[in-house]
Every structure is written in C-alpha cells, then in structure tokens.
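Please build the complex by placing chains B, C, D, E and F on the supplied structure of chain A, with the hints as guidance.
6 protein chains.
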Amino acid sequence: MVAEKNIQEFKAGDEIQGFFIVKKIERKLSSNNKNFLDLTIIDQTGEINGKLWDCQPGQEATSPAGSLIKLRGNVNEWKGKLQLKISLIRLANESDGKNIKDFVLSAPLKAEEMFDELYGFVQKIKNTDIKGIVDAIIMASKEKLMYYPAAKSLHHAIRSGLLYHILRMLRTGEKLSQVYTNVNTDLLFAGILLHDMEKLEELDSDELGIAEYSREGQLLGHISMGINRISKVGEELRADEEVILLLQHMVLSHHYEPEFGSPKKPMIPEGELLHYIDMIDARMYDMEDHLKNIKPGEFTQPIWSLENRRLYQSSL
Amino acid sequence: MVAEKNIQEFKAGDEIQGFFIVKKIERKLSSNNKNFLDLTIIDQTGEINGKLWDCQPGQEATSPAGSLIKLRGNVNEWKGKLQLKISLIRLANESDGKNIKDFVLSAPLKAEEMFDELYGFVQKIKNTDIKGIVDAIIMASKEKLMYYPAAKSLHHAIRSGLLYHILRMLRTGEKLSQVYTNVNTDLLFAGILLHDMEKLEELDSDELGIAEYSREGQLLGHISMGINRISKVGEELRADEEVILLLQHMVLSHHYEPEFGSPKKPMIPEGELLHYIDMIDARMYDMEDHLKNIKPGEFTQPIWSLENRRLYQSSL
Amino acid sequence: MVAEKNIQEFKAGDEIQGFFIVKKIERKLSSNNKNFLDLTIIDQTGEINGKLWDCQPGQEATSPAGSLIKLRGNVNEWKGKLQLKISLIRLANESDGKNIKDFVLSAPLKAEEMFDELYGFVQKIKNTDIKGIVDAIIMASKEKLMYYPAAKSLHHAIRSGLLYHILRMLRTGEKLSQVYTNVNTDLLFAGILLHDMEKLEELDSDELGIAEYSREGQLLGHISMGINRISKVGEELRADEEVILLLQHMVLSHHYEPEFGSPKKPMIPEGELLHYIDMIDARMYDMEDHLKNIKPGEFTQPIWSLENRRLYQSSL
Amino acid sequence: MVAEKNIQEFKAGDEIQGFFIVKKIERKLSSNNKNFLDLTIIDQTGEINGKLWDCQPGQEATSPAGSLIKLRGNVNEWKGKLQLKISLIRLANESDGKNIKDFVLSAPLKAEEMFDELYGFVQKIKNTDIKGIVDAIIMASKEKLMYYPAAKSLHHAIRSGLLYHILRMLRTGEKLSQVYTNVNTDLLFAGILLHDMEKLEELDSDELGIAEYSREGQLLGHISMGINRISKVGEELRADEEVILLLQHMVLSHHYEPEFGSPKKPMIPEGELLHYIDMIDARMYDMEDHLKNIKPGEFTQPIWSLENRRLYQSSL
Amino acid sequence: MVAEKNIQEFKAGDEIQGFFIVKKIERKLSSNNKNFLDLTIIDQTGEINGKLWDCQPGQEATSPAGSLIKLRGNVNEWKGKLQLKISLIRLANESDGKNIKDFVLSAPLKAEEMFDELYGFVQKIKNTDIKGIVDAIIMASKEKLMYYPAAKSLHHAIRSGLLYHILRMLRTGEKLSQVYTNVNTDLLFAGILLHDMEKLEELDSDELGIAEYSREGQLLGHISMGINRISKVGEELRADEEVILLLQHMVLSHHYEPEFGSPKKPMIPEGELLHYIDMIDARMYDMEDHLKNIKPGEFTQPIWSLENRRLYQSSL
Amino acid sequence: MVAEKNIQEFKAGDEIQGFFIVKKIERKLSSNNKNFLDLTIIDQTGEINGKLWDCQPGQEATSPAGSLIKLRGNVNEWKGKLQLKISLIRLANESDGKNIKDFVLSAPLKAEEMFDELYGFVQKIKNTDIKGIVDAIIMASKEKLMYYPAAKSLHHAIRSGLLYHILRMLRTGEKLSQVYTNVNTDLLFAGILLHDMEKLEELDSDELGIAEYSREGQLLGHISMGINRISKVGEELRADEEVILLLQHMVLSHHYEPEFGSPKKPMIPEGELLHYIDMIDARMYDMEDHLKNIKPGEFTQPIWSLENRRLYQSSL
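Read top to bottom, the protein sequences are chains A, B, C, D, E and F.
In terms of my numbering, the first sequence opens at residue 1 and continues consecutively.
In terms of my numbering, the second sequence opens at residue 1 and continues consecutively.
In terms of my numbering, the third sequence opens at residue 1 and continues consecutively.
In terms of my numbering, the fourth sequence opens at residue 1 and continues consecutively.
In terms of my numbering, the fifth sequence opens at residue 1 and continues consecutively.
In terms of my numbering, the sixth sequence opens at residue 1 and continues consecutively.
Among these hints, one or two may not hold up.
Unchecked claim - Derived EDC-like pairs: lysine to aspartate or glutamate, alpha-carbon spacing no greater than 16 angstroms straight-line:
no., chain 1, residue 1, chain 2, residue 2
1, B, Lys265, A, Glu307
2, D, Lys265, E, Asp286
3, A, Lys265, D, Glu77
4, F, Lys34, D, Glu77
5, F, Lys232, E, Glu235
6, A, Lys131, A, Glu241
7, F, Lys23, F, Asp102
8, F, Lys23, F, Asp38
9, A, Lys265, B, Asp286
10, C, Lys23, C, Glu4
11, D, Lys264, A, Glu259
12, A, Lys264, D, Glu77
13, F, Lys264, C, Glu307
14, C, Lys264, B, Glu216
15, B, Lys265, A, Asp286
16, A, Lys23, A, Glu212
17, E, Lys264, F, Glu259
18, F, Lys28, D, Glu77
19, D, Lys11, D, Glu77
20, A, Lys265, B, Glu257
21, B, Lys295, A, Glu242
22, D, Lys232, A, Glu235
23, A, Lys295, B, Glu242
24, A, Lys51, A, Glu77
25, C, Lys265, B, Glu259
26, E, Lys28, C, Glu26
27, C, Lys295, F, Glu242
28, C, Lys264, B, Glu47
29, A, Lys81, C, Glu77
30, A, Lys70, A, Glu4
31, D, Lys5, D, Asp43
32, D, Lys264, E, Glu307
Stated by the list, open to error - Chain E regions said to be covered by chain F (calculated; three or more residues, Cβ under 8 angstroms):
no., region
33, 216 to 223
34, 238 to 251
If you are wondering where the hints come from, they were derived from the structure by calculation, not from laboratory data.
Where is the CB? At the ideal position from N, CA and C, for every residue including glycine.
If we strip away everything but chain A, and leave its shape as in the complex, we get:
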C-alpha cells in the first residue's frame, strides 16, 4: 500500500508517495550506457537520495533544483542508508494546492515573532545615534532578513536562519550583561544586530534559503561591506563619529582572527563579547544539529565544521 509519510518516517520496504523539494538533480550515465536521474529530495524533516532508472536526456530539466515535485517510489536499504527507487515523478502544479514554503526546513520560531523580539532589542538601545544607525540598517534589510539562511553551506541553509542566529545572540548578550555589568549594552546589542547584516548582500539567496556568493560578496566580503554600510548610514544620520567608528570596529573585529577575515582584534570589551557570543551560538546550533539523531553512548562521524571532531551523545 502506498503511504504518505515524512522523509524522517521512511522505512525500508515502504512504498511511498508525496510532495518534496528537489535539492539537487543530475542526469548520469550508467556504465551500460543508459541515462538515469540521481536526485536528492528534502522536506521539513530530512533528506534522502533517490534514483530514477532509464530516464530521458533532458528530463533533469523538467524538475530542477528548488522545485516542488510529486513523487512515488520504493524505499530500500543500501549500505546501511535508505534510498529511494523512484517510479513516478512530476512537477507539482496549481491543482495540487501545495505551497513550497511548507516543505522547507525553517528556524524553529516564526519569522514574524523573531523579528518582533529582535526589534525589541533595537528599542532598548538608549544612545540615539547608535539606535538610529541600527534601526535604519535593520529596517532597510528587513525583507531579506525574514527568510535568509545564516550561511551558504547547505548545513545551515535553513529558512530564516540568520534571523534566528541574531535573535539567540541577543538573548545571550542580555544574559551576559547581567553578569558582566560594566558592559555597554547599547554597543553590545548594536554589534550583535549589525555583525552579519551584510550577509544579506554577500549571498544571493532565494526564498528557500539556498544561497550563492554575490560579486560584491566575493570581492569584498560581508565584513568590508558592513564597514561601508555603517559609514554611509552613519554619515547620512550625521551620527557621532565615535559611534560610527566603534560600530565599524565591532563588525570589523568580530571574526577575531585575520585568517577568518578580521584584520583587527577587538579592542573594546563589547567587541570581545560579540565574538564569543557568535561562536557559542554557532557551536551550540551545530552540535545540537549533529547530535539530534545519535543514540546515547554513541559518537557521530567526524564533523568537518568542528575540525573533524566526533561528538558524543552522553547517556546522562
């Protein structure tokens, strides 16, 4: 019997059908000289590889990466991994009544709610020059901020990922300022809000959160672009020179090490904190993500983004 299931629920032996997004599609030639399609499909719960044997040249173009498809197939186990043998595939059409956004992996909170909470932090800034610059930049970028991923790499490519990252950093920043009470929260919140904002221009992303570097992103990078932006907005608002300078310095130094893109290290405590808050949020996200399917007492495979560490799922 054909079942409608999320990818996470697939089991070997299932015959399944349903709607999925094409993440990658390629036509390949088998060694007996026949064409077949090699696809990776995703929904909100996971991803799986599938093959459609004996396809036609050009068929790969009818359901390109990023499109919503309807698909039927059989789930097999192959070297310990599930794989789909696809029997039918077609592009979703209007009469299916499906919205592609419902099939994308997104941040765990709604974009609107995240933005409201984030904007609350803008309003907590007391220095009017700082607040003015941050407000102008955030509002000008709001549309993209609502859906952009946090990074190009597939791994972080979740819808609204950047917004989620900034928001958690703001929460962490507020907590830390309760322990380190000398910290200037105006600078700290502003630094967090602005630090990655030019990723919205460094990457060209579609609504699904799949991103590529832009020309400006390649030649300058989001840090230099951020310096330019703060300079420009700050001058338009005739903001205090020290304010402009410190916000630029925080963005410039937040990657900390030259080889990661920061020509200067933080020279103010708020810049130092910004860096560590950024690291903590990225690492907690990565670790949680890699450990989510690991059983207690077991290790993950070596993880590239964590210097090839293997993580351990404690049984405590």
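Just chains B, C, D, E and F now, with coordinates in the frame of chain A:
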C-alpha cells in the same frame, strides 16, 4: 607634613608613611660601587617602585618579599611615573597591630560569601554521582580555595582569585543554560567547578596569593592532575563510569587547543560551553583590569596577555 | 587446473582455490542495477580484491569481515593490479579443520618468545617500586598484549604488533644506554614498557588485530588513560611518589608535541630518549614495510604516514 | 678647534658645534643619584647619541623631541661607536636664521617634482570614473602627501617618504605593463595611487615625518579606511559600481596575507601586480638603506624588517 | 556530416574526425562487466574526454599516451561539459603525413626566436666570469631548453614553456633595473638565466612537454643540482670565487621560503628581485591562462595553484 | 691568603689568583662617568664575570677576548651568583710557562684517540666508492676536525666538540644497526661521518673553539657546501653516480625540516636514522650539560635550545 595615604593617592611632592607589603626586593650595586635597595611595594590600591640609597649588604633580607613593612619616604615623578625615595623602612611588628591580609589585593567579594554561593551550585546538581564527586573534591580543597589566586602571573595574583573566577563562571553558565535549554546543567556546573581545581596543587601559593609551580605542576600540569583526581575520587565513591569519564573529558578538553594543554577538544556541548565560559570570564577580567585607569578616548599600552592588543576606552 | 596458493603467489591466468580471511565485504549495485559483492581478502602473505558478480541481497552477511572463507576464482590483471573474479565462496566450517589464526599477518616473532624477552627487561629493573608498577601493569594486560596490533590503521594491524614494537624499543633502549651511560635504565625500560600500554584499552581489537576506538579511547585517549592507570597501581602498591610522578611524566610526554597528544615535553633525559626510540622503531617498521616490494633504483608512491614522502630503494 | 660638521663627518676627538634636531630626549638618573640628559640628535646625514652630565630636573623639557637645537660637544668612541659628550645645548631661536626643514632626512627628490610626475599618471588614466575617483582623493590629500613618511617606524620616517614610494611604484607599474601587455593600466595605476592613501589618516605625522597612529588608524586601519573613502567618493561622483568595487578590492587585497591585514587575496591580475610592486619597492628601499654604509665583502647586522636576514655587500 | 575541427570548436551534436594526441588512456570495466576505453585527447587548442564502448583487452596499448591518433566520433554534452563518443580510432601512420609537434600546445613565440633574444641577454653581461659560467651552462643545455615545459604539472606543460618563462623574466628584469638603477644587471640577468636551469635534469620530459621527476630530481631537487652545476662549471673556468658564490646564492635562495625549497633567503638585492620576478611571471601566466575563457563579470572556479582563489574577469 | 683555584671551586670571600682565558671583555662607563672593565673569564671548569673598577680607556685592548691572562681578585656573591672584584690583571707571558690550550673546555676524550676510533669506522666501510669519498673528505679536513667546536653558540663551543659529536653518533649508529639489521652500515657510517663536515668551513674558528660564520657559511650554509664537496670529490674519484647521489641526499636531508635547512626529507632508511641519531646525541649532550649542576628534586631554568623547557633532576 607626613601623610598616611593609599598608594593610589600618592602625588609627586608628598612625604608619606604607612604600612605596605613587599612584593619584590633586591639589593643592587650602583655604578659608583655602592649598595642600594630596589623595592616594589603594594597595598590594596596599587603598587609603586622605591629606592633606598646606601643600604647595607644583607639589608634586603630583613624585609623579604611577602613581608609587611612600615616605610617613610618622598614621592617623586620619574619619566612620567611616580617613584619613592625611601628614608626609613622596618618590618611591621606585633605592636603595630596590623594584619597583612588587609593590605593584599583581593577579589571584590568576601571569600566566605563567594564560597557559599558557589556551594549553592553544588547543591543544584541533581545527579548524585556527579554531585558526590564534585562535593568531595570541593570540600577537600576548600581551605586553599578560599585564598588561592587564579594564576601564577602577577597580574591575576589576587587573593581568592580562583574562587572569584569559578563563581562568575557558574553565574554565566546558569545564564547561558536559560538560552541553550538542552544543556545538561549537572555536567556544566560540575565542569566549571572542577576545571581548574588542581591549580591548587599545580601552584604553591602563600596566603598573599603569590604562587610558584610545584614539582607535580611542572611535570604533569593541572589538567592531568585533575584527571587523576576525578578518577580516584570517582572510584572511591563507586560512581557511574560514564560520569567519571565525562567529568574527566570536560577537564581534559577545557583548554581547547593542544598547544594550550588540551589533547582532546570537547566532544559534548557542555564541554564546548565550559571552554567559552572560561575564556569570557578571563577576558572580561583582563580587559576591565587594564581599562580601569584609562581615560575615555585613550588606548592602553600593548597587553601581552591579549596578544599585544591595545585596548580602547570608549567615550560612550 | 585449480591451484592452492598463497596470495603472494597469485599470477594472472591462475584458477585458484583456498582459505582466506575476509577483511572487507560490501554489496554494491552495478549501473545496470544488479547486485555484486566487492571483497578484500587476506592471508599471511598479502591481500587482494575480488568481485562476485550477480550476488543476492543479504549474501554479504553470510561471510562478514573477520570470517574465514573458502573461495574459488580466476586471477585477472586489471590496471596493473591483480584481481579475483570469484566463482564460489562459502564460510569455512568445522570439517575443514582450519584455524583462522594461521591466516593472519603476524609479527615476525612468536608472541610467547617476544613476551619472555620483554619480561626479561622487567626483571632487569632494580628499583623495586618501578619494577612493581611495571610488573603489575604488564601482567594485568598480558592476555591482550599477546595479540593486539600496534595501531588502528590497517597498515600496522598485524597480530602481536604492539608486543613487537615494545620489544624492539627495549632492545634499542638497552643499546643506547651503552653509549649514553648516564641514563637511568630503570626509568628508560619502564617508560618503554608502559608508554603505549593503554592502547590495549583505547582500542577494541579482536584476535585478528582489527581495531576500533573505545568510548574511553575517544574521550580521553591512551595517554590520559595511562596516567590514570599508573596513578592507581602506584597508590595500591604505595610506591614512592617520585616514581609515580616520573613514570606518569614519561608516558605523558612521549608524543613530544602537543598536537600529537603530549601536553608536556620531556623534562628528563630518559623521557627524551623514549620519544626518539619510539619514533625510530615506528619509522624503521614503516620504511621496511613500504620498501619490501620495491625494486632497486625505484621509488614508492607517496606515503601518507611519512608526510607523503616517496621512498627510494637504493641499489647499493 | 670647534668644527661645524655634518653628523656623518664626525670623528673621535673632534670638538664640534652646530644645529641638529632632537629625535629623542630623556632625563635619567645615574647610579650615584645624579641627573643627566640622554639625547639622540639627527641631521640630514645621520644620527648620534649624546649625554649631558649633571643636568637639572626639567631641563629635558626645554628642548623636546622635534625641536631644533644648537649644541657643542666632544666626539668620543665608545664600544666602536661614536658618542657625543655635550657641553652646551640650547634651543635654536629666530636670530639663528635656521629652518628646521633643512635638517630633516627627506626623499631624494623634491616633493613638488615628485607630485608633478605622480599626477602625470593620474592623467594617463583613460576611464573617466577611475580617473575621477583617483583625482578627487589625491587632490584632497595633496597637502599631507607632500611631506608624510611612508611608515611609522623610525626607519622609513623620511619626509615625503610616502610620495616617493608611490612614485617609484608607478614607474615600476608602467615598466611591467610593457611586458605584461594584457594588464589594464587604468586599474593598475589607480591601485598604486590609492593603495596607501589612508596612511595619511591612519598616522598623525608632523612636518618632520615623525608619526603616531590615530584613533581611527588603531580601530580600523588604513585598509578599511581606504575602502570607506573609495566608497564615499565613488558614490559622490556617481561612478560605475564595477569601478568602485574593483578599486576597493585592490586596496583591500594589496597586503595579500590575512595576517598582514588583507582579508581577501587579489582576484584580478592588476591586484596581484599591485602587491608585488609594493613589495619590490619596499624591499629595494630597505636593502639599499641598510647596505649604504657596508663595505664590499661584509655583512650587515640581522635586520628585523627583513626577517632577521643579514645582507651582503657584494664586491662585484 | 563529418567535420574536421579543432577541439576548441567542437559543439554538442557535431560528428567530427581528425588527428589528436593521446594524453591519457585507460581501459575500464563497466559495471555490467564490459571493457571500454577512457581517453583524454589534446590538440593545440584544448583537450576533451572521450569513451570507446566495448573495446578489447589490450586495445589501450595500441594507442598509448603520447601517440598521434586519427579518430572519429560524436560530440555530446554531459553535465555541462562536452564529451566524445568515439566510433573509430587508429594510430596515425606515415601515409597520413602529419607531424606530432603540430598538435602540441606550445609557448606563443617560436623557440628559436626566444632563444636568440635570451642569448642576447647573455651577451649583455659585462663581467667575464659571470658571462662565462652562464654561457657554458646555457649552451650545454640548449637542446633541452628548446622544448622543455616549465613544470611537471599538466597545467604548465606547454612545449618550450621554460624558455618562455625565462625570457619574460629577463625582459622584466631589464625593465626593473631601469627603475632600481643600483641593481647589478650582470648578477640579475645571470640569476634569471640560471635559476631553473636544472629543471632540465630534475624532470625527464619528452618532446611533447610531458614530464616526470628523475631519480636525481627526487633525491636532490633542481636547486641543489643547480648549486652543484655552478660549482663545477665555475671551477672548470677558474672563475672568481665571489662570482661562483653569489650565483649559487641566488639559485639557492630564489624560492625564498624554506618550505618551498630555499634554505636561505636572499641576502643581496639582486636575489630579492630574482624571487619577485619569478613570482610575477608565474602568476601572470597562471592568471591569464585561467581567465582566458571567462566572460566579463564572471568568476573562475577555485584554482588550486592560486591557494584556491577564484579569479574575476573584470568588465572594464 | 691568596688561593689558586679552578673557577668551579671559587667561594664567596675567597681571594684568588691564577690564569684564565678572556671570553668577553668590554670597557663600560659607570653612571658617575668613570671607566671600568667588564670581563667574562673561563677555564676548563667553568666561567665567571668580573669587574675591574677605574680602568683606563684602551685598557680593554691589552687583554682581548681569546687571550690568556693572569688575574688576582676577590670573590663576592651578587644576587645569588658569584662575581669577581678584580684587583690585578695582566697578559700571560712566556716566562709564565703556560699553554692556553690547557685552559679551554674540551671534549672529555683526547682528540687523537677520538680520531683513531672515528677512523676505524671509515675502515669498516666495505663499498670502495663510499669509503674513498669519506676517506678523502675526512683526511682533507683532519686538521680542523681535531679542535673545532660543534656549533657557533657559546654553549657547545668546546674544543674538539664536532669530533666528539661525530664519534658518539658513530657508536650509536653501530648499536642501532644491531637492532635494525637491514640497514646498510656503509651508508649510515658515511652519512654520520660527512653530515656536518662542512661546518669546518661554515664557521671560522680559532684553536679555542670560538667560532664565527664565514662568508660562504652565511650565503650557502654547511648543507649546500657539503653537497658541493661530495659532488667534487666523488667526480674526482670517478665514484659510482648512485653513491654520490645517496651521500648527497643524506647530507641534504639530515636536518629533516625545511625550516631547519633541509629542502628534502630522508627517502632512505639510513637517512632517517642519521637524523634521529643526530638529534639524540645533541639532546643528550645538552641535557647532561644543563643538569650537571642541578640538585636532585630541582629544576633548571627554562633552556632556550630546548624550546624553553625546564629540566628536572630526578632523585632516583
């Protein structure tokens, strides 16, 4: 008129007297072949260099480093720095009624209060094996913990410095666990409480917080010593093997980089957080300390412990 | 005619049969969508890859890695390498009268003889505390020591490899102490005997010498585990503190560089020698192993474990 | 007899007098507790250290660093170096009729002539947007450019040093474009003209070429400042976006390595050339400068700015 | 209709025939267990991959790498790349009247003309000892120099590549000596002429410019071989010792960094220039080569030899 | 009473006289403007600093570094170190009947005996080409080899140090070849004998073992010089090319890492052993030397040549 002042209050032209601790003392030979004493003295507010011209051979031994002295002298300015020309110096005696501890730079909170707050975190640990190990180690080391500095380097050599460092880390750990709610606070608090505990054995410190490396400290270092200790206490308490292993892993990995002493990087999120909390607290302490006498709009000198960065005192 | 030959004797065109150990086995899908088995088999003389075309799903499970099989097939040359086209394969059974141990690559000396010679070095130790600790650890680990490989990597995965490595190091240590006569041979022999002993727990190995990292091995590593072990055994024997400390220091420092796992470098000459003796033995083994099939005047391929050097077989 | 000589002409035994610039001055205390002045003085031909014994406290303030003084003294040899024993010293006054600029080490060409030649290269730029941006920035900075040194370090602190550096780079760039004929000389000349222009703001220099980092220089550095400047001027001139982007990219990447301040490496051939032209000019200057007083067949001392190399004066 | 085209002109759908050089050829087994040939062929305009399905074992030996073949086939597009499906292939024979040299990618200038220009620089050397050594080495190596590639890597493997590289460096050296007029052009030209001359012995290359390392090349490398050569030739000519020494020093130091093969850094300005001239020429060649097929406004793929930079084709 | 003692026997309070070698001598100016001599003197047992107050300008030239002097003075303790207050000093003269060589720190064995043992190893070489090259080089350098130090640094500057170093390495090499029996002892002994032979030309040393780099040593270094030498001698003897090549390769690679001067790593086992034997001997010498005056249970100061390790004197 002879004034009794804290070192911080000295001004060029003052004639002062009072009680101070000798931090460093050396007899030197002037180039006209005469002996003089070269001293550094401290009180709770700062430190200053002084000279006693025409001393006797052996006089340096009558008020050795670490002793409380009574001293009279004149304050001069020398290359933009104040310096004492000492006229009289003698060891403090019983009839002076002074307690040397009142002259040492100490953590800003009372040791007893800090320990009580710290011990509250021990009691928050729910896993009885973790709690048992932590409790045993903390209580066995309590006496030293009350006064030990956090590091050998003069800079951190404040009385009860280690206690203060651990306490602020616990506060930070608790705050972060409110944002990253998946974190196992038992492991995190235990990791924070234990991570530097063997510094109490790696360093031989006196009550004034001036420390030297012990033989075991040189040959093994506090991390390996910590591994041994957890292993031993854990076995005595017949604690769960996984608990012993994870506590050891957190201590082992908390310096993060091999070249800083950690042969393994954290493989559990709690270990990752432990590292960043340690870094944040050390850096916030260092930065605050170096910036405290800097005027808005000015930079510090290059700071060795911060990779020769100069820090900036913002005017905001 | 079907010949019974060692793998080393195979020639293109042979039809062979015999008993072999499965080192790796995988079912793969050909591009015309058929199943085939891809095997690597070994005996004491070498290893070879083979294919069984048109197998059944699940057939790979009937002769898993580590099992002894009987096999028939034809030897072909494929890109300058020999390969087997397998016609028959089955698990060895009792009536075959074969012992799997006779088919594993082993150290060139018998385990019992190696152990006896090694134990002779234990008896040469004059300091009773050192001797006691070493004796206790060696005897407790004797069973595993008899067959464990020296490393996880396939390359060193010969039966009794660790025993062979330690023995040659002891011989070298004795020779060097005849030139550098100030060296304390008690410490040196003990350091050699103990330095890798916890590899027996860091790795889970079967009798065939195929190893995987254990949980404790991943989270702590054999060096930290060795520190723990010496500490525990030393305390049980109420050994002199200096003895415990120096043995721990030698184990801790024997990898020399932090990035290879040693947080401290050797601070005693015996530790320095231990490191170089370890290096020499590993390198001589590696070089001999890679050069053994190379003709005079030719170079090996780049060798990963030797920083991608190519070795040269001299014609002298 | 008192002679008036250039520093380069001093010989041991001379009694000299003349006008010099104070480069460094400090009051020091001798070990017999007397004040003396320790000065370094310069003229266009070199520098020499001198002592004025038995000075008054405060006397160091009467002829501060950067002032022109009249001085009399005796030249002695001290450890193979000449040194002055100063007998008289006073500030130059109006009636002396001396101009301090005549006593400063300057680039070997006149600033006006160098600027004219440099400006000729601006006029060679054919692309009007590139030319417009370069022209605007050069003309706005012309005043400072006429006298600024090329670097803070004393070594390069020659008057008009930056102008000289840029000019020789332009000459080299033109020569290279005759060999590598595909190079876009508009971009190359513009890159050379702009690459260090914000050093004029990164450093606060006086007319004598003695420089200190500015606040903005410390917090952002001349590369980020240059990015801002090009962005601003380019937008004011409504220049082509590609032009602005490429000029920014060349400035951003001209230090080549992240640890020297360039977050991006050159992605266009003109940027690659800019880097190497910069290196060649700096190195040729440094080498010529260090070799100028070395005899054929001899080596210099190790030179810090050349990774402690010693240079060799060939006898060919 | 079958067309005769250069590889660069191939389009999907073409049926083509013509003469090409085999760069790589391998027989492979398809997963349905059939043999096919996998070839890469080149002509002066480019390279393309092709397959000949259902070949015979041994057929790969009939047209080995380096041979000139006649071939017929169909051009397909495969994953955005063109590929040949080969129908006929045979070795070119005498009656075809083709010269293999006409099908190899060569430097853009004729070898004879390049050599004449190069030799003109030898004649510009005024110092007779320098000239003698250079002349002897160049003339002894002339035959190989006429056709050798500049490097082993496929990328530079153009016929007469080394000659072209040296020539452009000489032109650049002459230009630079017009700006840096203190430079000794005898040394500079000699250094350029000799710096890579032992690559002719380090690599064994055939007339097509396809190279492999020689035994001596592997064990010593072209730099040490060059030192030997200059020493030998110099002594035969009884040249001045200083001349021999400086020429050796320039060759020894021209890679600049120890990890690139230079145990010493340049200690004379001419050696410093030699290094930068070498870098500039290599980089300009590489960049031009990678950019030649890139459209304005687009980026190349990451380029390994340029530290994985992507290059940008400016639209200016 | 004036005692004649070795430096090692000096005690505070002694009045001593005797003959010593001047290692360093400088005239300095005290801050009360008087000249004094600052000397370091050595004998076979150690070294000590001394001062002669109120000397004459030029007096430092009457007993230059390297001369034998007669001296009288008083031993004082100064900051925990002994120091001499010199009352009389004069150059030793013929009538004193002293030989300067008796006052230099030398290797613990006689040069002649060491050379004989060393030459025995030459005679053990069976391959006549290898033996011929080694013999020729050793005999040509014998005179210098008898007294040269092993390194420029003061520390190793003992008379006949290089000879001693080579000899111990030969002993070690012979021992190791008894464990690693596949090693070609002809190559190994030859490699040891030749590896540092050009240090005799890289350094200009006097008979006392005090060395400076020669011109050739600076520009080429002893490794490249060794390559040249073997090449030259080998060709003169018409030795087998493989022999010449392998001896050169061993010398070239014996420093192992590019940053220590070896552009190639060893590609033959004998080269690998040569490197480790060199390391072991250097380290054992260094460690023994630094530990010789340290009491059991104590640490040395950080030692620069051992990466700032402190060594521990075990009490076992």
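Status of each hint after checking the structure:
no.	hint	in the structure
1	B:Lys265 x A:Glu307	holds (9 angstroms)
2	D:Lys265 x E:Asp286	holds (15 angstroms)
3	A:Lys265 x D:Glu77	violated (46 angstroms)
4	F:Lys34 x D:Glu77	holds (15 angstroms)
5	F:Lys232 x E:Glu235	holds (10 angstroms)
6	A:Lys131 x A:Glu241	holds (14 angstroms)
7	F:Lys23 x F:Asp102	holds (15 angstroms)
8	F:Lys23 x F:Asp38	holds (11 angstroms)
9	A:Lys265 x B:Asp286	holds (15 angstroms)
10	C:Lys23 x C:Glu4	violated (20 angstroms)
11	D:Lys264 x A:Glu259	holds (10 angstroms)
12	A:Lys264 x D:Glu77	violated (45 angstroms)
13	F:Lys264 x C:Glu307	holds (11 angstroms)
14	C:Lys264 x B:Glu216	holds (12 angstroms)
15	B:Lys265 x A:Asp286	holds (15 angstroms)
16	A:Lys23 x A:Glu212	holds (14 angstroms)
17	E:Lys264 x F:Glu259	holds (10 angstroms)
18	F:Lys28 x D:Glu77	holds (12 angstroms)
19	D:Lys11 x D:Glu77	holds (8 angstroms)
20	A:Lys265 x B:Glu257	violated (19 angstroms)
21	B:Lys295 x A:Glu242	holds (15 angstroms)
22	D:Lys232 x A:Glu235	holds (10 angstroms)
23	A:Lys295 x B:Glu242	holds (15 angstroms)
24	A:Lys51 x A:Glu77	holds (13 angstroms)
25	C:Lys265 x B:Glu259	holds (11 angstroms)
26	E:Lys28 x C:Glu26	violated (20 angstroms)
27	C:Lys295 x F:Glu242	holds (15 angstroms)
28	C:Lys264 x B:Glu47	violated (35 angstroms)
29	A:Lys81 x C:Glu77	violated (33 angstroms)
30	A:Lys70 x A:Glu4	holds (11 angstroms)
31	D:Lys5 x D:Asp43	holds (10 angstroms)
32	D:Lys264 x E:Glu307	holds (11 angstroms)
33	216 to 223	holds (count 6)
34	238 to 251	holds (count 4)
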